[in-house]
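Throw the hints in and build the complete structure from the sequences for me.
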Amino acid sequence: MATKKRKKGSFLFVWGEMDYAFLLIVVVLMSIGLVMLFSASYANALYYMGDSLHYISRQVAFAVGGVICMLGISRINYRILKPLTLPIYGVTILLLILVLFMPPINGVRRWIPIPLIGTLQPSEVAKFALVLMYASYISVYHQKMHTFKYGLLPFGAILAPVVFLLLKEPHLSATVLMIGITGVMMFVGGTDYRWFLVAAGAAGVLIAVVIISPDIVRYAGGRVETWLDPFADPQGYGFQTIQSLYAIGSGGLTGAGIGGSRQKYLYLPEAQNDFIFAVVAEELGFIGSTLILCLFALLIWRGFVIAMRCRDRFGCMVAVGITAQVGIQTILNVAVVTNTVPNTGISLPFFSYGGTALLMLLCEMGVVLSVSRCSALEKE
Amino acid sequence: MVRGTSNKMRLRLNIVIFLMAVAAMAVLIGRLFYIQIYEGEKWQGRAISQQMRAMQISAERGVIYDTNMKTLAASATVWDVIVSPAQLKGPEELELIADYLSELLEVDREKIIERGQRTYSYYEVIKSKVEKDIADEINAFILKHRLNSVNLVENTRRYYPYGSLASTVLGFTGSDNNGAYGLEAYYNKTLSGLPGVRTSAKNAKGADMDFLYEQRFEPQPGNSIVLTIDEAVQHIVEKHLEAAVVEHNVEARACAIVMDVNTGAILAMATKPDFDPNEPRVIADPHVAEQLAQLKLEVDENEYLKALGEAQFAQWRNKAISDPYEPGSVFKILTSAMALDLEVTKPTGNYFYCPGFHVVAGRRKACWKAAGHGSIDFTQAVKFSCNPAFMMLGERIGAENFYTYFDRFGLLSTTGIELPGEADSIFYSMDLLGKKSGEELASSAFGQTFKVTPIQLITAVSAAVNGGNLMEPYIVKQVIDANGNVVETTQPSVRRQVISAESSKTLAEILHKVVSDPDGSGRYAYVPGYRVGGKTGTSEKIDQSVDGVVKERISSFLGIAPSDDPQYAVLVMLDEPHLQNIYGSIIAAPVVGNIFKEILPYLGVEPHYTEKELQNLDVSTPQVTGGLVSDAQRQATAKGLKIRVVGEGDTVVRQVPASGQPIPRGSTIILYTQETEQSTTVTVPNVVGMSGAAANAAIVNAGLNIKVGGIDIDSVGSVAYSQTPYAGTVVEAGTVVTVLFTSTTPEAD
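For the record, the sequence lines run as chains E and A. In this text, residue positions in the first sequence follow the working numbering: the first is 11, and each later residue adds one. In this text, residue positions in the second sequence follow the working numbering: the first is 285, and each later residue adds one.
Just so you know, the hints here were simulated from the structure itself, not pulled from any lab data. Any given hint could be a false lead.
[To be verified] Derived EDC-like pairs: lysine to aspartate or glutamate, alpha-carbon spacing no greater than 20 Å straight-line: (1) A/K373 - E/D61; (2) A/K292 - E/D202; (3) A/K991 - A/E932; (4) A/K473 - A/E344; (5) A/K326 - E/D239; (6) A/K649 - A/E679.
[Said to hold, decoys possible] Partial chain A-side listing against chain E, Cβ under 8 Å, derived: (7) R315; (8) Q320; (9) E323; (10) W327; (11) Q328; (12) Q334; (13) Q335; (14) R399; (15) R402.
[As the list claims (entries may be wrong)] Just the calculated beta-carbon pair ranges, DEER-fashion: (16) A/S333 - E/V215: 36 to 46 Å; (17) E/L63 - A/E376: 50 to 60 Å; (18) E/I297 - A/Q334: 21 to 31 Å; (19) A/I299 - E/V219: 26 to 36 Å; (20) E/L63 - A/K292: 44 to 54 Å; (21) E/P113 - A/K373: 29 to 39 Å; (22) E/Y58 - A/D420: 16 to 26 Å; (23) A/S333 - E/L63: 29 to 39 Å; (24) A/N432 - E/T129: 51 to 61 Å; (25) E/P113 - A/E587: 33 to 43 Å; (26) E/P113 - A/Q334: 32 to 42 Å; (27) A/S333 - E/G100: 48 to 58 Å; (28) A/K292 - E/Y58: 45 to 55 Å.
Heads up, the beta-carbon is just placed ideally off N, CA and C, and yes, glycines get one too.
What follows is the structure in structure tokens.
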């Protein structure tokens, strides 16, 4: 085989060319994300933490660490993940159980405190674990996936305990994200179209029912109502959405300029977190926020291209999963902020505050880059 | 190697790329376009309205001037002391500030600390409205310690340079600088101007983000008002009214109005006791204050506060416009006006017989003089204030005419004076007045059983004597802007002609006789050199009678001068005087006389003395201070005065009375010849009730000078009925004591 000519990798390391386009997009997005995080967070940081650099300084530290990790991981052969898949999944389940015994924050149990680093969200790990599980499975059973037994049941079996535990926290947005990742990986992996049509039909009926009578869903009822009319409850459920729309609308075509947001002055809750994109839209306007969405589109496209070029089905599916995860998260987040879908707390990759999440994300990007090196390797 | 992507996977991946990177993104960009471009203005507008704080910049409040542009009320800049805890550098700074401010401003230190710990706040008012000297000190403190956390914000405060002068007319402003009472309230809009606006961005907690955005719209200063009130006249009126309140122990306050009868302009309007508008909430009447202090010890907080509030409202109340009362015999002026205008009587040759009563509806209604006045003509009926004669006049006038004139004199509606809280009269309906029994008409004809306000009464009487024109009374003659340009001028306005000019002239002459004739009931308002006319009134407060016995009375007098060409009217009303001497029923008349005596020369009305008056005319004390005692002796003798020298020196270093004082011939000037000489003080003796000789002796023996007044000084058997300074006052030796005499026992009317 051609590989004999020049040894470019081993079981542990890879030396091929990585996809610089993907790396560039990641670095650009992360840099813009950090600038915007600083702008969006400093009022809250000053007011609530007494230090305008409170959020950004932590985030920058994690970003620097994350970039080092990303570059390091890109050199590591992703294939070592395959044998680690089951242990990782096992640990994830354990963490998801463990988190249920943590003291609740704002009424939910999503975080495990870790000395020095801060907190760990097991759901962040769970996303990656699911991607690995599905990738491993698909790499073996790809050919049989058109059947119900191989194309549907195993995915359900892998997903079910995770969803069950997430709903115990509860963490609806993570659940939606997991289902999304699962759907994309099943689709790419080869599950029959029919099931997607069935799922789409079921989802359509469900959405219709919820819109017609939101009270059916106990937990999400208020969210649906305020989605349809944020001013139905302007001081309660609708508050965040209204403040977000104020911010986005104030941006106009060209925006208030970086640092020019007024809505971030304690009006917009979570300005540094789930609703950071509203500040971005206010400061950078329609033009700036559209460009950022285009960068995300490029990232998604490039991630899937890396997957497509991968000669190894496991690597391909890992890249698909990670890219799908970033893509779905981005789309959901912006959809929530623009009140396109009901409000679920979901963060924006590379932008939202959250050290461990950013670290985790960059590590995943490292894995995608590792896959891209292999692709380059295989192509030769 | 496991095989890479199959064609099927590639196809599906392309579908996923399309759905996520193209379709979903297109939807989101479309959403952004819709919110930011299509709906942008709507959201932006709403966002701005929640982000912007409009802070009022108060406009400078206009000045209230008297008719001669003396300042009666003005605003000055003061400062609010603000601490912004968000800008504190640390707890030490707060300690420093709390120590300093609590000491300087007399504010509780703990309070400053507590508010200073609200670290989210930028605006904690520690004390509002501090004066310039305090503000300067704080500024120095701020500079010394380079503080960002302490600020001074401009505010304004209202000052009333003349203290309580005209306080019930001027009113006062509240802590928000808005008029709360009186002219300040009535003209609040005019005086306030238009506040400016400072718009700044704020955060969701309300604190300023002024580094982001600020815009100012400058305030428009308020207009000033120029009153018809003359500070000098007002001062004279208040001086005499206050003295009367003290002398006669007036229980339910007293009021006075001076009106220009030809224009309706108010030259003075006073209620006593009143208050100091600089401290409107402080109870000015020492007796009331004392009662309240006592009450505070006895009852619980709420009851005390209720009593305090009532006392405050009571002292703010402008009695001259807000309290209708039974005018009593003063109203006979208007009944006379009606009778003359209807020609149902004439000044002389038309006789009334008064047996001491008049029978109305089968019952005797008594005259104040039980023995009766006998056969008197109309002029005498007015002079003696004979009730039966006026009941007869009422019958001649008839209910319908009486009601019509009452209405046409403006007594059935408020006068429209530019003051808040004007009350209306309480009078019979036409039907009630016209009842067959005639009781209502009979009592109305001599001024009882109905109520009018002092301002209504003086306005009506002015019409009766000024040629018959009912004027619209006014108190603001001009509105001027901040640059002194006249914005508005009040033109005297005639509401209607009520009686003929001829009737009016006749009435004024009769009123003159009431005062000038030795047997006139109004003779205690006599002023040498001036033709004063007027009418006394003592009304029983029937609505406050206990078991049919009237306990309280109102003593009033309405004077006009000069009666041959009426220019000014003065009404003095003493509510519930507690009489200390037998002349109590006419106590309001000398107050009016004293007021006329001082204001007529001031207002430029020339005196015309009779021969007899000229004899009694005062001489002006010579200027002898600084000269030799011998020179002083010569000058004094030339003027018919005596001297008394105190001390061993040859040169006069001081004289009492001072030069230029009018004193009677034969008075003694005290000359001090040594700087070190202590001035001799004496206590004024009580001479009320004494004969002329006795009073003279008492006063001269006390080392004082006497000046006699009244109309019957020379008559045998005349007695003193009033004196100033009052008995018991400690004055310098040589001071002139004015004593008023009367020949006969005054009548109650």
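Hints, verified against the model:
| no. | hint | verdict |
| --- | --- | --- |
| 1 | A/K373 - E/D61 | holds, 13 Å |
| 2 | A/K292 - E/D202 | holds, 11 Å |
| 3 | A/K991 - A/E932 | violated, 29 Å |
| 4 | A/K473 - A/E344 | holds, 12 Å |
| 5 | A/K326 - E/D239 | holds, 16 Å |
| 6 | A/K649 - A/E679 | holds, 14 Å |
| 7 | R315 | holds, 4 Å |
| 8 | Q320 | holds, 4 Å |
| 9 | E323 | holds, 6 Å |
| 10 | W327 | holds, 2 Å |
| 11 | Q328 | holds, 5 Å |
| 12 | Q334 | holds, 7 Å |
| 13 | Q335 | holds, 5 Å |
| 14 | R399 | violated, 18 Å |
| 15 | R402 | violated, 13 Å |
| 16 | A/S333 - E/V215: 36 to 46 Å | holds, 41 Å |
| 17 | E/L63 - A/E376: 50 to 60 Å | violated, 24 Å |
| 18 | E/I297 - A/Q334: 21 to 31 Å | holds, 25 Å |
| 19 | A/I299 - E/V219: 26 to 36 Å | holds, 28 Å |
| 20 | E/L63 - A/K292: 44 to 54 Å | holds, 51 Å |
| 21 | E/P113 - A/K373: 29 to 39 Å | holds, 35 Å |
| 22 | E/Y58 - A/D420: 16 to 26 Å | violated, 38 Å |
| 23 | A/S333 - E/L63: 29 to 39 Å | holds, 32 Å |
| 24 | A/N432 - E/T129: 51 to 61 Å | violated, 36 Å |
| 25 | E/P113 - A/E587: 33 to 43 Å | violated, 54 Å |
| 26 | E/P113 - A/Q334: 32 to 42 Å | holds, 35 Å |
| 27 | A/S333 - E/G100: 48 to 58 Å | holds, 55 Å |
| 28 | A/K292 - E/Y58: 45 to 55 Å | holds, 52 Å |
In summary, the structure is inconsistent with hints 3, 14, 15, 17, 22, 24, 25 from the numbered list given earlier, while agreeing with the others.
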